[in-house]
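Novice: Between the sequences and the hints, there should be enough to build the whole structure, so can you do that?
Just so you know, the protein sequences line up as chains A and B, in that order. The first sequence lines up with residues 180 to 735 when you count with the numbering used here. The second sequence lines up with residues -2 to 83 when you count with the numbering used here.
No wet-lab data here; the hints were simulated from the structure. Glycine is no exception: its CB is placed at the ideal position from the N, C-alpha and C atoms. Treat the hints with caution; some may be incorrect.
Chain B regions said to be covered by chain A (calculated; three or more residues, Cβ under 8 angstroms) [stated by the list, open to error]:
hint, region
1, 6 to 20
2, 43 to 56
With a straight-line Cα cutoff of 25 angstroms, these simulated BS3-like cross-link-like pairs (lysine-lysine) come out [to be verified]:
hint, chain 1, residue 1, chain 2, residue 2
3, B, K60, A, K558
4, B, K60, A, K212
5, A, K211, B, K60
What follows is the residue order along each chain.
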Amino acid sequence: MDKPVYTTPQLIDYLIVVVYFVFVLGVGFKLKKNMKTAEDFLLAGHHSGKGAQGIPSWVTGLAFLSANLGAIEVMGMAANAAQYGIMTAHFYWLGAIPAMVFLAVFMMPFYYKSKIRSVPEYLRKRFNEPTRAFNAFSFAIMTVLMSGMNLYAMAIVFQMILGWPVHASIWLAASIVLAYTMTGGLTSSIYNEVIQFFLIIFGLLPLSLIGISRFGTWQGLADKLPTASMSHLWLEVSSGANPMGTDMLGLVMGLGFVLSFGYWCTDFLVIQRALAARDLRGAQMTPIIAALPKIFFPILTVLPGLLAIVAMPTLGTPGHPELSYNNAIPFMLSSLYPNGLYGLGITALLASFMSGMAGNVTAFNTVWTYDIYQTYLAKNKSDTHYLWMGRAATAFGIVISVGTAYLVMGFPNIMDYMQTVFSFFNAPLFATFLLGMFYKRTSPWGAFYGLVAGTGAAVVHYILTVQGKLHYSTDMAGNFHRSVAAWTVCFIVTLVITFLTKPKDPEELRGLVYGLPTRDEAGASLEQQKVPFLARPAVLGVLLLALTVWLNVIFY
Amino acid sequence: MLDVRYPIGYLFLALGLILTVYGYISPSVTNFITAGGSLPLNINIPWGILMFLFGMATTCLAKMDDIKNVAAESSEQPAPETETGG
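Specialist: Shown next as structure tokens:
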């Protein structure tokens, strides 16, 4: 086995981490005086009209990206790349980019114009209360699970790199996130996400630069990979002999369509950031602005994973937790970075976990306060009361996350576990949204039973897989197929029930469904035409898609 | 409200400065030895300078907008707020 030499942290590395923490907390305290109402705190003020002077779309765009740039993205994608090769880039070039463009061009107008405060609230307006309740509760559970996972990943890195005890790390990280989200709310979270975005780039880019300089060219690296198919996106997909063990249906329909569109187009965590923009155009530009750097993210996540498996071929040996694929990035950091830069790399990792966690916590406190607390527990209270509840929800969201961090610790493979959760909740939800936004006949009860049936189908599929009645060569392939099943069941059941039940009155659906504009929308569309051709979201979206297709061709 | 470019700018100015200074006072500037092999240059120096420049650019952009806003405010009345709450 390789005996890698590691950089050990010195005073300078700690100094960099400390400087960063001071800034993170400073932003929260600086914003505290702006948080006067519940909407300031939970929605970054976009409903009270403060959005007009509030957050520009490049800020919401980078926050949109960064809130998702948590443990799964950074450590998980690198781990996947070390295991499955460059096919991991399908998560970006087949999945995320088309989904983000679709969200910007087709779905964002309905989200923004319906003046909703959360995704579950859209479901109430478009369908009915039970559909909202189902989504609000499942989403609340999902966010605390995800945020706990980020905490756990952060603690593991602290332990591996800095030698700190896991328990202390979990509590320390939780208190820092608590401090800046409690004080500055969503705005503070968004601001910190933007800072974190730049830190992640500056902290991880040298890894890829130093790494690739060792091999000279992409081909130089590709030749060293364990198998030739690890350097291709599409080459072995039709034969099924690819490292991911997936087929065309699972990859294109499961990952490319259901999982990616399900996540990027319906997950309130990301939608919330776009809704904080100052106007509709800003909200539409949020995913477009986010998509451009996203196209190049494989350089920061997939490439280090590929470099890691070449530098340390024993990575992924079963029965050796210290050789887990998840350690690809920490391993590369400590073997390539000198002190100084090493501190920056550690800071980048911490930043990514904190932004992932804060993103989940700020989405949780909004859904909790508006969709659960205000709806079922305490109606018609004063705004001061809901502001107080928003802060309290932030605190107990973080405390629950500490609990889920310990829960996650008990699972041998956290990544697969979380992908499973995604396929349960996001995959069927996307069918509900597609039908709800683009087909006005879709009835409230159709949506509810479709959603329940879709989630149920995912659970049944999961049980059958665990029992061995359904077999997939990798867990990833199983996840892809489970989401296809959940989506299809939800789609069909929703349609069938729709034809058996009464639809909503079209007048109630104005501004919520495609083809039913609100009264004042004619003027708004005229205003849109004043935007220069090349600055329109749809035109930029097409350019982004063209770039993505080109990358798929290069790395076929 | 606080312009987010200020905290970004100041943070990168500080981190860039720390890295660059640390790079210069460390024993070797060229043929720099790291755990996983040697580098032609002590990477802390160029990377620190790059971060410092990024911090400077961000701070300057925010400052320029501030100056523009102050100039606009002094020359005309602020526009009335038209948007209503939802």
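Novice: Take the hints in turn and mark each one as holding or not.
Specialist: Evaluated hints:
{"no.": "1", "hint": "6 to 20", "in the structure": "holds (count 9)"}
{"no.": "2", "hint": "43 to 56", "in the structure": "holds (count 5)"}
{"no.": "3", "hint": "B:K60 with A:K558", "in the structure": "violated, 45 angstroms"}
{"no.": "4", "hint": "B:K60 with A:K212", "in the structure": "holds, 22 angstroms"}
{"no.": "5", "hint": "A:K211 with B:K60", "in the structure": "holds, 22 angstroms"}
Of the hints listed earlier, the one the structure fails to meet is number 3.
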